[in-house]
Amino acid sequence: MKRKDHCGTCAEKAGLPPGSLVYVGPESHPTTLHAIHYDANSFSARRLANDQELPPLDAATAVTWVDLHGLRDVEMLGRIGQRQKIHPLVMEDILHTGQRPKAELFDDRIFLVLKMVRATTGAPAGLTIEIEQVSLVLGPGHLLTFQEREGDVFEPVRQRLRAGGGQLRKFGPDYLAYALMDAVVDQYFTVVETIGEEIERLEDSLVLDPGPESMAELHRLRRTLIHLRRAVWPLRDAVALLLREEHALIAPATRPYLRDLHDHVIRVIETIETNREMVAGLLDIYLSSVSNRLNEVMKVLTIIATIFIPMTFLTGVYGMNFRHMPELEQWWGYPAVWLVNLAIAVAMLLFFRRKKWL
Amino acid sequence: MKRKDHCGTCAEKAGLPPGSLVYVGPESHPTTLHAIHYDANSFSARRLANDQELPPLDAATAVTWVDLHGLRDVEMLGRIGQRQKIHPLVMEDILHTGQRPKAELFDDRIFLVLKMVRATTGAPAGLTIEIEQVSLVLGPGHLLTFQEREGDVFEPVRQRLRAGGGQLRKFGPDYLAYALMDAVVDQYFTVVETIGEEIERLEDSLVLDPGPESMAELHRLRRTLIHLRRAVWPLRDAVALLLREEHALIAPATRPYLRDLHDHVIRVIETIETNREMVAGLLDIYLSSVSNRLNEVMKVLTIIATIFIPMTFLTGVYGMNFRHMPELEQWWGYPAVWLVNLAIAVAMLLFFRRKKWL
Amino acid sequence: MKRKDHCGTCAEKAGLPPGSLVYVGPESHPTTLHAIHYDANSFSARRLANDQELPPLDAATAVTWVDLHGLRDVEMLGRIGQRQKIHPLVMEDILHTGQRPKAELFDDRIFLVLKMVRATTGAPAGLTIEIEQVSLVLGPGHLLTFQEREGDVFEPVRQRLRAGGGQLRKFGPDYLAYALMDAVVDQYFTVVETIGEEIERLEDSLVLDPGPESMAELHRLRRTLIHLRRAVWPLRDAVALLLREEHALIAPATRPYLRDLHDHVIRVIETIETNREMVAGLLDIYLSSVSNRLNEVMKVLTIIATIFIPMTFLTGVYGMNFRHMPELEQWWGYPAVWLVNLAIAVAMLLFFRRKKWL
Amino acid sequence: MKRKDHCGTCAEKAGLPPGSLVYVGPESHPTTLHAIHYDANSFSARRLANDQELPPLDAATAVTWVDLHGLRDVEMLGRIGQRQKIHPLVMEDILHTGQRPKAELFDDRIFLVLKMVRATTGAPAGLTIEIEQVSLVLGPGHLLTFQEREGDVFEPVRQRLRAGGGQLRKFGPDYLAYALMDAVVDQYFTVVETIGEEIERLEDSLVLDPGPESMAELHRLRRTLIHLRRAVWPLRDAVALLLREEHALIAPATRPYLRDLHDHVIRVIETIETNREMVAGLLDIYLSSVSNRLNEVMKVLTIIATIFIPMTFLTGVYGMNFRHMPELEQWWGYPAVWLVNLAIAVAMLLFFRRKKWL
Amino acid sequence: MKRKDHCGTCAEKAGLPPGSLVYVGPESHPTTLHAIHYDANSFSARRLANDQELPPLDAATAVTWVDLHGLRDVEMLGRIGQRQKIHPLVMEDILHTGQRPKAELFDDRIFLVLKMVRATTGAPAGLTIEIEQVSLVLGPGHLLTFQEREGDVFEPVRQRLRAGGGQLRKFGPDYLAYALMDAVVDQYFTVVETIGEEIERLEDSLVLDPGPESMAELHRLRRTLIHLRRAVWPLRDAVALLLREEHALIAPATRPYLRDLHDHVIRVIETIETNREMVAGLLDIYLSSVSNRLNEVMKVLTIIATIFIPMTFLTGVYGMNFRHMPELEQWWGYPAVWLVNLAIAVAMLLFFRRKKWL
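Chains as they are written, first to last, in numbering that gives the first Met the number 0: chain Y, 0 to 357; chain D, 0 to 357; chain Z, 0 to 357; chain C, 0 to 357; chain A, 0 to 357.
Only chain Y is shown next, with the shape it has when bound in the complex:
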């Protein structure tokens, strides 16, 4: 769980003026820049050496997607922001990667913040998720994306762009933005599904062996779900805002797709909530399991102790050294003690059986 992704380092920035461009994510990655340029008939992709090579963006009838990875080169980001006349607060949000998912509508721009989630189920720490902020700046004829590091879930979108044929190449940058958001949300489904499997696995192991590690895993799972919820929940409002507000940058043909996306986000949220309820249920199972174990332990102790304690008392009686103990002299004394002991044991066992402890 990388908590820092969420809100951690916001504090490091306390005291700086608003709009200061300082990267405050967990670890800085070197900045790389890719540009994809396409229309219905053509497609070109290349890696840019620096922001000087950025093509003109606003005048194009085709679509340009500038994809930036790694936020270390703050100066370059500042230059891009100035060139594209992006509001300083937006640039600040891009760099301060603890933002909530959101959509902000400007006159000629739409700013979107998403959280890309990656789940790994490794041996030592169990299921962990990593959260990476993806910022989208949608303008006329272009889309800028800012990611914290290399590696993303957009590869299928790039392949579809390259292959052409589908709708992706025919629609504008709003559809591209939708396609990227859809890819992010599809990833959420994968992650919640992994969590669901983890829950099922844990459910079995809880019944078999409710040790403290299960409790720790349960807690980790709950924490993961809390963080995941925080990453997904605000996205619903963001997409709803895009749906509700009429904006020149969003073509009417894209709206059904956004509505579909909205549905998907709600489904992810509902699955997260279901998982949270499941985890709460597992906790109840765990606690009752522990109680049952205690009960069982105590039953064993009680059965053994209550059978043998009276018998031991009896042997103690005839172990006393009084001079005048008539029973000791009788030939039937010793077998009688054994018989009495046997009777005690049988009576106790019957008592426990009646109590349903056996």
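Mixed in with the good hints, there may be bad ones.
Same chains, same label: a pair holds when it works inside one copy or across any pair of copies.
[As the list claims (entries may be wrong)] In silico DSS-like pairs for lysine-lysine, Cα to Cα no more than 30 Å straight-line: (1) Lys169 x Lys354; (2) Lys355 x Lys101; (3) Lys298 x Lys169; (4) Lys298 x Lys354; (5) Lys101 x Lys84; (6) Lys355 x Lys298; (7) Lys84 x Lys169.
No lab work stands behind these hints, which were simulated from the structure alone.
Following the hints, position chains D, Z, C and A against chain Y.
Same frame as chain Y, but now just chains D, Z, C and A:
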């Protein structure tokens, strides 16, 4: 519990372009096609070999109900979608059976997603529910329904259509859609009633014998209710949407029926919520039952142990081998020990009675 | 608790066409019919043999209250419904007594569903409540009421009608409907008060003797409150609807009374919620009471055991039969053991006192 | 806790016609009547013998405050109601002191219900609160207040009226009503502060000695908070209604004061909620405290028992009377047993230390 | 935790007329006064001896920030309030430092209340937070700030003002107010981050050693979060009000910054809620940890006791002094007892292993 029905396999589709027609339900069934054609005076039903035999749908004054079972034949579905000009995203929702119940209004179409629920109370797994997605596409003069597999709750509707006489044959396809939704919701009542009986049964068994299996059953019941709620809850909004929005496809005469349906859905939801509270109450009973058992076990142990331990100590004293132990020589020594032991036992029993442990 | 009243038998009706008149309440009672006819100056009441004797209702300047008990005679109900042009779905709601409380406004009719509640505190089952559906159809100059069986809470209203003098005879059927609703809601106050007394009684008994029966009673109380809440909660919205919508059948002079009724319903709901919180608090008391008992039991065991176990060990030592045990030969050996034992006991008691266990 | 104040005796009235004037509070007090007459320059206060002495109220340019204590004299209240043309339902609300706090706006009147709260922290019952209903009828140029008994929190307001100088004498009866409400709300602050101190006191005593009395006190505190919340919560909506609706009787200059009052009510509610969370937290502390105690008790028992039980077994072995037990004959037998016992004890203690039980 | 900051001393003021200027914070500090005067080109800051030295505020084109620390000198505050025509209720709110954060819009003024939070993690009490009220009065060309004592989080703002260059000197007093609010909110991030670290630290220590101190710390943390939430939560509505209402004093250029601030406040609130859920999770861990410990303790006791109690019984048997006990005479008697004992021990250990207790 077939969790896969809900959200599971959504992940398998991650990476595909939106609108791709791939069936992602739990298991694919072969596709069959039935068409029912009726008006107030006539009725005909037949099984179609393939989608070529589909009659013209939009121009009819009569009503045509095309009922499709099994989503394996994706190509056929694609052809039907194209012929009827159904939006690709709608076709995708029909195939991806993890949708939430919903209503989507288009200009000349209404798209509805429902969840058909089947409860089975078998011996090994207890109460399990199966959830099947039913998609309805309502257009002028026709209704298309898409089901995941053979077998549904619509048989009574078909019989009423065949019999004629009621309102069903006189009204349009909107009333038919209502009748199908009503059949689905009636089925919910059956299922929640089964669950309610299960809860009552469990309530008795919890008091008699609060074993870990009861806990497992309780958990299963809770999980079933969570899934059922997910299947029913969004339906309320869907029906409310149909009620709220004026749509040309829904005749005014159908509205009171939709209002009635809305009432029924709310009643199902309230019953589910009541059942959830009941289950939560059962958990409390279970836990307190376990605690009470532990208390009882400990009381038995404590009573036996605290009576015999002092007595055993006393016999131990007179089992010592000191040369100078004057009591050992007395004739009254042995009976005195018995008397003292008796006194200890009586005192202890009185003490426990005062404590109300006996 | 008659759960069947709520939602139970809805399932029996699954598969029937909407609007089918089948009585699905828990037990059917024979149908009886009474008519009360009054205006400011006159009053007449008589029992009708059947629905043929029904006076004309709509044309009257006076008020006619037709009161029907028992829903067995479905044909008669059908004829009344047709004569009065009541919507088939309304007739269905009257017969299917698992409805939620609600108000439905038609152009020339108002349809109301209420739940009449009766509490009995008998010896075997403790506090139980019975819920009976009362349906009101308010039309111009008349009011029809449909009850599941004989016996209701309307006797005081009938007496006031007979006595005259108050407002009841001067106002129209809307005020009569209000008066009946007010009588039903007054009954709720009686019931929640009975429950409140039950809670107080239980509170005392929980502290004195927290046995499993208390837990069972607690659970029963909670279940009763859940069902009561379901019967009352929707009534708030129903009355609010009457208040909010301007309807020709509700005279302006009746509105303040409806507002007062609304207040009363909210107060009932708040008292139910308070009682629910009380019951939740009692559960906490119960559980902590059980824990305390366990603690006390364990303390007694521990005190006795830890005092006597070391002492018993010591006597065991001098009960050994080694040839060379010098202490055994000394005259002070035996008293020394007693002294040591005494010292152990005193030390343990001091230890327990310091731990505040004594 | 006087539960009767809340909802109790409402039931006694069940069956009476609406608007019947019957006092249904917990205990009736004799009715006394005071009138205060003031404007910016003059002030007079006197006790009235009965309602005949009531000055004319509506025509005055000055303000008349008629303050009535004790609701026993129902006839006098009826006459006052008729003289002032107060709606019968309002008069009923004044007498039925189980009302929720509320504001009702009539054309020429405003009716307010408040709950005056008194906290006493006596020795036997701990903190108890008493709730008294205060009803305000605000008309042009006058204010009528109805209290259940002598003694209120309005003394400072009377003194300010007598002293003059402030705004109170310059403003109209709406400001007087505000001043009285403010006095009631200020009293809430005192009460919640007392409760807060009680919580802190309890917090300390819980840690020191978590006995069952603490649990009882906790429960009492929680119950008190539930009742207090019921008395305060609806006041927020009542004051908000006064703020929202423009009413001729409320001067614009009074609005900022009402807004301030609204703020205060919200602060009281928030403090109550905070206190409720605190009490919930205390319950957790209590339960975990009890668990810890049990743990500690069991540790002591286990340590003592597991050390001495094996040792006692060993002494038992050499207490056997077999003829052939070679060790018994050796000179080192006896010291060897002591050494072995010592070794067992040390090993056990080390084991417990490693387990961190010591 | 200084609870008094919140609501405590409000009660001391009960009975005073509204608008009375009495300082009711926890401890009064001497009043000091600073004025900062700046525009885009100039900057001057000086400490004022008293309110006579206050420059004229309303007429300036430049911005004057009057910063007042310590609320002891109530007369001076009264004079400032009168000179600036601040509503008496606003002046009262400034002095009564238990206000909720809020924004009040007047025609030519905006009144804001904030809560400045300071966290200290000292050795004896663990993490404690101090809350100080800051009141802002924003007027044309000036901003008045009222703080309870010396020391605040505004030093970076003052430095930026002094340094010039940024936007701060170019914008009006509304931007200054924003900058101060932003500094306060940035401080919240620092505090919630400290709390988050505390939670992580506690999480580790809970697993290692779940003693009662952990529980106390947990409780303290929860209480801190409750108080922090109360200080932050209402700020959201306050900032939203500033955003929603168009007010002449807030320039359009400042709005994006307020929107950003709103985002930040929501992020703080979400982090607080996440932390609260974390703490609730820790409580579950703690309780299950305690249960596990108890289980472990009982297992050790049970294993030792059930192995040795039967063996001790056996030795007791052969310690009896019956004359006729044939086994005692056999040479194999003694070793046979050892063998039987060994068999008992092994059988028990196997039993425990099968039960997974070992």
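Here's how the hints hold up against the structure:
Taking identical chains as interchangeable, the C-alpha atoms of Lys169 and Lys354 are never at most 30 Å apart, the minima being 77 Å within one chain and 67 Å between chains. In this assembly of identical chains, Lys355 and Lys101 lie within 30 Å of each other by CA distance neither inside one copy nor across copies; the values are 60 Å within and 50 Å between. Taking the shortest alpha-carbon separations for Lys298 and Lys169, neither the intra-copy value of 73 Å nor the inter-copy value of 70 Å comes in at or below 30 Å. In this assembly of identical chains, Lys298 and Lys354 lie within 30 Å of each other by CA distance both inside one copy and across copies; the values are 11 Å within and 13 Å between.
Only within a single protomer do Lys101 and Lys84 lie at most 30 Å apart by alpha-carbon distance; the minimum there is 20 Å, versus 34 Å between protomers. Taking the shortest Cα distances, Lys355 and Lys298 sit within 30 Å of each other both inside one copy (11 Å) and across copies (15 Å). With identical chains, the CA atoms of Lys84 and Lys169 are at most 30 Å apart both within one copy (27 Å) and between copies (20 Å).
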